[in-house]
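Position chains B and C against the provided structure of chain A, taking the given hints into account.
Here are the chains, one letter per residue:
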Amino acid sequence: MKPPPPGITESAWLRLNKRAVLDRRWATISLYTGIAITAVIAALSLAAPFLGLRDPLATDLMNALAPPSSEFLFGTDDLGRDIFSRVLHAGRIDLVFGIVTTYVSLVIGLLIGALSGYFGGIIDTIIMRIVDLVISFPFIILILTIAAIVGPGLAGAYIGVIAVSWALYARLTRGEMLAIRRREFILNAETLGYGTPRIIFVHALPNLLRANLVFSMSDIVLNILTLAALSYLGLGVAPPTPEWGEMIAQGQKNLLNAWWISTLPGLVIVLAGVGFSLIGDGLADRLDDSGR
Amino acid sequence: MSLLAFTGRRLAHSLPVLVIITLAAFSVIHLVPGDPARVMLGSRATDEAVTALREQLGLDKPLVTQYLDFLVNALRLDFGESLFQRASIGPIVAMRAAHSLALVAYSILISLVIAVPLALLSAVRRNLLADHIVRMLTTLAFCMPSFWTALLLVLLFSIRLKFFPTSGLGEGIAGYIASLTLPAVSIGLYLAPILLRSLRASIIQTLTAEYIEAARARGFSEARVLFKHVLRNSLISMLTILGVNVGFLISGAVIVENVFSIPGLGSFMVAAIVQRDYPVIVALTLIFGVVVVIANFLVDLSYAMLDPRIRQ
Amino acid sequence: MMPHTPPPNPLLDVRDLSVGLTNRHVAFLAADRIALQVKTGQSLGLLGESGCGKSITLRALLGLVPHPGEIVGGHIEWKGRDWRSFSHREIMKIRGKEIAMIFQDPASCLNPVFTIGDQTTETLRLKLGLRSKAAQTFAADLLDQVGIPAPAERLRLYPHELSGGMRQRVMIAMAIATEPDLLLADEPTTALDVTIQDQILNLLARLKERTAMSMILVSHDVGVVAQNCDVIAVMYAGRIMESGPARDILQAPRHPYTRGLLAAIPQLRVGAGRPPLKTIAGLPPNPAQLPQGCPFQPRCPSARPECRTIPVTLDRNLPGHGSACPFVN
Numbered sequence: 001m002k003p004p005p006p007g008i009t010e011s012a013w014l015r016l017n018k019r020a021v022l023d024r025r026w027a028t029i030s031l032y033t034g035i036a037i038t039a040v041i042a043a044l045s046l047a048a049p050f051l052g053l054r055d056p057l058a059t060d061l062m063n064a065l066a067p068p069s070s071e072f073l074f075g076t077d078d079l080g081r082d083i084f085s086r087v088l089h090a091g092r093i094d095l096v097f098g099i100v101t102t103y104v105s106l107v108i109g110l111l112i113g114a115l116s117g118y119f120g121g122i123i124d125t126i127i128m129r130i131v132d133l134v135i136s137f138p139f140i141i142l143i144l145t146i147a148a149i150v151g152p153g154l155a156g157a158y159i160g161v162i163a164v165s166w167a168l169y170a171r172l173t174r175g176e177m178l179a180i181r182r183r184e185f186i187l188n189a190e191t192l193g194y195g196t197p198r199i200i201f202v203h204a205l206p207n208l209l210r211a212n213l214v215f216s217m218s219d220i221v222l223n224i225l226t227l228a229a230l231s232y233l234g235l236g237v238a239p240p241t242p243e244w245g246e247m248i249a250q251g252q253k254n255l256l257n258a259w260w261i262s263t264l265p266g267l268v269i270v271l272a273g274v275g276f277s278l279i280g281d282g283l284a285d286r287l288d289d290s291g292r
Numbered sequence: 293m294s295l296l297a298f299t300g301r302r303l304a305h306s307l308p309v310l311v312i313i314t315l316a317a318f319s320v321i322h323l324v325p326g327d328p329a330r331v332m333l334g335s336r337a338t339d340e341a342v343t344a345l346r347e348q349l350g351l352d353k354p355l356v357t358q359y360l361d362f363l364v365n366a367l368r369l370d371f372g373e374s375l376f377q378r379a380s381i382g383p384i385v386a387m388r389a390a391h392s393l394a395l396v397a398y399s400i401l402i403s404l405v406i407a408v409p410l411a412l413l414s415a416v417r418r419n420l421l422a423d424h425i426v427r428m429l430t431t432l433a434f435c436m437p438s439f440w441t442a443l444l445l446v447l448l449f450s451i452r453l454k455f456f457p458t459s460g461l462g463e464g465i466a467g468y469i470a471s472l473t474l475p476a477v478s479i480g481l482y483l484a485p486i487l488l489r490s491l492r493a494s495i496i497q498t499l500t501a502e503y504i505e506a507a508r509a510r511g512f513s514e515a516r517v518l519f520k521h522v523l524r525n526s527l528i529s530m531l532t533i534l535g536v537n538v539g540f541l542i543s544g545a546v547i548v549e550n551v552f553s554i555p556g557l558g559s560f561m562v563a564a565i566v567q568r569d570y571p572v573i574v575a576l577t578l579i580f581g582v583v584v585v586i587a588n589f590l591v592d593l594s595y596a597m598l599d600p601r602i603r604q
Numbered sequence: 605m606m607p608h609t610p611p612p613n614p615l616l617d618v619r620d621l622s623v624g625l626t627n628r629h630v631a632f633l634a635a636d637r638i639a640l641q642v643k644t645g646q647s648l649g650l651l652g653e654s655g656c657g658k659s660i661t662l663r664a665l666l667g668l669v670p671h672p673g674e675i676v677g678g679h680i681e682w683k684g685r686d687w688r689s690f691s692h693r694e695i696m697k698i699r700g701k702e703i704a705m706i707f708q709d710p711a712s713c714l715n716p717v718f719t720i721g722d723q724t725t726e727t728l729r730l731k732l733g734l735r736s737k738a739a740q741t742f743a744a745d746l747l748d749q750v751g752i753p754a755p756a757e758r759l760r761l762y763p764h765e766l767s768g769g770m771r772q773r774v775m776i777a778m779a780i781a782t783e784p785d786l787l788l789a790d791e792p793t794t795a796l797d798v799t800i801q802d803q804i805l806n807l808l809a810r811l812k813e814r815t816a817m818s819m820i821l822v823s824h825d826v827g828v829v830a831q832n833c834d835v836i837a838v839m840y841a842g843r844i845m846e847s848g849p850a851r852d853i854l855q856a857p858r859h860p861y862t863r864g865l866l867a868a869i870p871q872l873r874v875g876a877g878r879p880p881l882k883t884i885a886g887l888p889p890n891p892a893q894l895p896q897g898c899p900f901q902p903r904c905p906s907a908r909p910e911c912r913t914i915p916v917t918l919d920r921n922l923p924g925h926g927s928a929c930p931f932v933n
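Chains as they are written, first to last, in this note's numbering: chain A, 1 to 292; chain B, 293 to 604; chain C, 605 to 933.
Hints may contain errors.
[Stated by the list, open to error] Derived PhoX-like pairs (lysine-lysine); straight-line CA-CA distance at most 20 angstroms: (1) 683(C) / 697(C); (2) 520(B) / 697(C); (3) 812(C) / 701(C); (4) 812(C) / 520(B); (5) 731(C) / 643(C); (6) 253(A) / 454(B); (7) 18(A) / 2(A); (8) 697(C) / 731(C); (9) 683(C) / 812(C).
[Unchecked claim] Derived CB-CB ranges, DEER-like: (10) 654(C) / 319(B): 58 to 68 angstroms; (11) 735(C) / 11(A): 45 to 55 angstroms; (12) 883(C) / 297(B): 45 to 55 angstroms; (13) 61(A) / 365(B): 50 to 60 angstroms; (14) 765(C) / 464(B): 47 to 57 angstroms; (15) 57(A) / 595(B): 49 to 59 angstroms; (16) 387(B) / 57(A): 41 to 51 angstroms; (17) 5(A) / 519(B): 33 to 43 angstroms; (18) 866(C) / 33(A): 50 to 60 angstroms; (19) 722(C) / 322(B): 56 to 66 angstroms; (20) 61(A) / 354(B): 52 to 62 angstroms; (21) 104(A) / 765(C): 29 to 39 angstroms.
Hints in this document: simulated from the structure, not taken from any laboratory. Heads up, the beta-carbon is just placed ideally off N, CA and C, and yes, glycines get one too.
For reference, chain A alone in the conformation it holds in the complex (with noise of 0.2 angstroms):
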């Protein structure tokens, strides 16, 4: 912080300072926090099966419904499984559900949003009457029909969401596309005479890449939510194989004399994505340092 200029207080110059680089330090607390949540949970459930936790599907009726203790951490269930075990080995289907499901859908809407942006005219308002339309559908329903056409299990969970997800990533793909293409043809037809729409590709892609970037955080956590939700619903994730949603599904009937069997997974639902959200928010402000 530079001294005060002359003349001015230095209370009313520090008060300043400080406010201006508040933002800043919220941002990153929250990158940091967020970063150190996700890695946390994510490296528990990717190490579940080599760190000699009980065997998540092995029921155990003796010490069904036990509540959390020292030996059973976060309890177990009717069948006496151990509900630590069930949530870590679970994680690895949810977080890799969301990655997956995120990530691929990103590239398939930054394609299509950056093609549907360049080309413009009719190709364009095509793709974005079928865009909008997925979008404003309620996503539940259609990824529940698609579920239905294809079959029980995680691939119809997969197909059903990334089929939805796409539409987000090539809206907003295609709003920047629009905004830098006016920029770079202009200047194209103005000194180079015909730039090669190659060019436009390699300067574009790092601006696109940004907002899809920032969103994308917050996509992980809705895929995770919708997976947790198909799986509550009988879809998704069939049991025996643990799943956050599915698990919280279990402990409905129990509800009332073992509470932890459906909080407890569903608090580590909340927990993740909260990781993902602050990683988001943290990055929204880094990557936007077009001040305010």
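Quick look at chains B and C alone, frame taken from chain A:
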């Protein structure tokens, strides 16, 4: 442009979308791998049963004829029969739609009650402590699965405190509203973070407008500036934000209906999918699509009525 | 018109006013030790390039510096009273009543969802305590005073249904409704056509004469300031570089920046032999990265090493002609 012309134009705009929706709904049965009739009856069905079903559903006719029949029937609100319940789908939908509508309206009310004041607070106290707290709460609520929130509410208010029923619909007006309260709160908490984020951004944008600065320069109190000038402008964007998120709202309603066993369209859809009741799936896909189109249209209409710049 | 007892002189006395702002996580001074004085019936022109701090100075006078910025030093005296002695209520009373402000962009200075009548009568009801019927009549009268034809019908229109010039007149009508002692005009004609500019400036001149209203006119246009102001203060990088009676500044400018500004006015001459356009070399400075001493050094044709070390401030705006440059005369 007059309101009538505006309506006509928006309807014409929606037509291709509606056509796509009918095509999509219609194709659900035909996209399923294998023979649709056999898939519906299961692998152990006899050949006669399959042929009978195929005839009953008109699956032996050419595709175009099937589509046209489907369209004509839909316009007459005839959606065929549910395989599972062996009853006409139309009346079932009508009854369930009423309940879903009540639930959705209640949910919108609750989410507005949560989102509007918090968005105002957050925008006015931008980057200060209040804003950060509201934003953290918003992120938290955003990450909570709707069905999990619902179960927590049930645990707290239904089971421990016994204020509300755990499932189903209540009798009488008070009972009905009471039974819809926890579901509506669940959906409200699910929708609120989405509304809050967009509304906060919109209010911040309005706050930096020159006419707001001019109002302050005229010595109007901050309260007047906020509640008369800013709010009126934000009301318009609030409608748009709601309209844009109708699909999200409906998705939440579908899930929550299942948690509380509310006999609405959402639980009907899920049951139909689990039971492979394809006529119902097709009918509901069509209906949900049309609902979204109507909702968007209504939002545009009210936008046109409220914003004087568009009314001309 | 109400009988008008003239307020004490000077009306507005500003000394050492400094305003801090933030940009891109850096704090800087948008206005640095500003000194101004406005007497009753006098109009002061604040002249300078975009971003020199003239607009933020105006806002500071009304206490409208946007958060996270704030006034970080100096004194403002209004009618002999120090601004720090005013309660928040009193300041709000002064705003829109004794001191009024008009803004630059007619497209965005009126709320688009309320009619002209709604917005005008709102001011009248709140600041003058008029009842609804009386407010309507007075509003129509005001619109007439500012030269809007068919005022009664215009009241029912929305801002987007009026032209830019009309909207600016409405702004002025709302501002003069309370017969303010001081009118702050932030680039009121910049966004208007040249012919309309003239009309608006004439209107302001007439109103000024009628009620002995003082005015601070902010502009980057030398011509506008030259024709309408008794006193001129030239701003650069948040500081007053030179100030004095308009005639003196225009005919015998003492600061190199003022000289550059005046020399840059295109000369209209018919036929061949027109001299080339003189410009001031370089670009306006980044207020967060000003050099030591005089901020104009990098672009000043008369710069010398001592310019880095001299404490550059312009003291009281004396009746005489004050310049911040001790070297050039």
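Hints and how they fare:
1. 683(C) / 697(C): Holds, because 14 angstroms separates the two Cα atoms, which is no more than 20 angstroms.
2. 520(B) / 697(C): 19 angstroms, holds
3. 812(C) / 701(C): Satisfied, since the Cα-Cα distance of roughly 15 angstroms is no more than 20 angstroms.
4. 812(C) / 520(B): 32 angstroms, violated
5. 731(C) / 643(C): At roughly 24 angstroms apart (the allowed maximum being 20 angstroms), residue 643(C) and residue 731(C) break the hint.
6. 253(A) / 454(B): With a Cα-Cα distance of about 17 angstroms, the restraint between residue 253(A) and residue 454(B) holds, given a limit of 20 angstroms.
7. 18(A) / 2(A): Roughly 12 angstroms between the alpha carbons, so the hint for residue 18(A) and residue 2(A) holds.
8. 697(C) / 731(C): Roughly 8 angstroms separates the two Cα atoms, so the pair holds.
9. 683(C) / 812(C): Within the cut-off at roughly 18 angstroms; holds.
10. 654(C) / 319(B): 58 to 68 angstroms: Taking Cβ atoms as reference, residue 654(C) and residue 319(B) lie about 59 angstroms apart, which means the hint holds.
11. 735(C) / 11(A): 45 to 55 angstroms: At roughly 47 angstroms between Cβ atoms, residue 11(A) and residue 735(C) fall inside 45 to 55 angstroms, so the hint holds.
12. 883(C) / 297(B): 45 to 55 angstroms: 53 angstroms, holds
13. 61(A) / 365(B): 50 to 60 angstroms: 53 angstroms, holds
14. 765(C) / 464(B): 47 to 57 angstroms: Cβ of residue 765(C) to Cβ of residue 464(B): about 52 angstroms, so the range 47 to 57 angstroms holds.
15. 57(A) / 595(B): 49 to 59 angstroms: 54 angstroms, holds
16. 387(B) / 57(A): 41 to 51 angstroms: Check passed, 42 angstroms falls within 41 to 51 angstroms.
17. 5(A) / 519(B): 33 to 43 angstroms: 39 angstroms, holds
18. 866(C) / 33(A): 50 to 60 angstroms: At roughly 57 angstroms between Cβ atoms, residue 33(A) and residue 866(C) fall inside 50 to 60 angstroms, so the hint holds.
19. 722(C) / 322(B): 56 to 66 angstroms: With a Cβ separation near 58 angstroms, residue 722(C) and residue 322(B) satisfy 56 to 66 angstroms, so the hint holds.
20. 61(A) / 354(B): 52 to 62 angstroms: Check passed, 57 angstroms falls within 52 to 62 angstroms.
21. 104(A) / 765(C): 29 to 39 angstroms: 50 angstroms, violated
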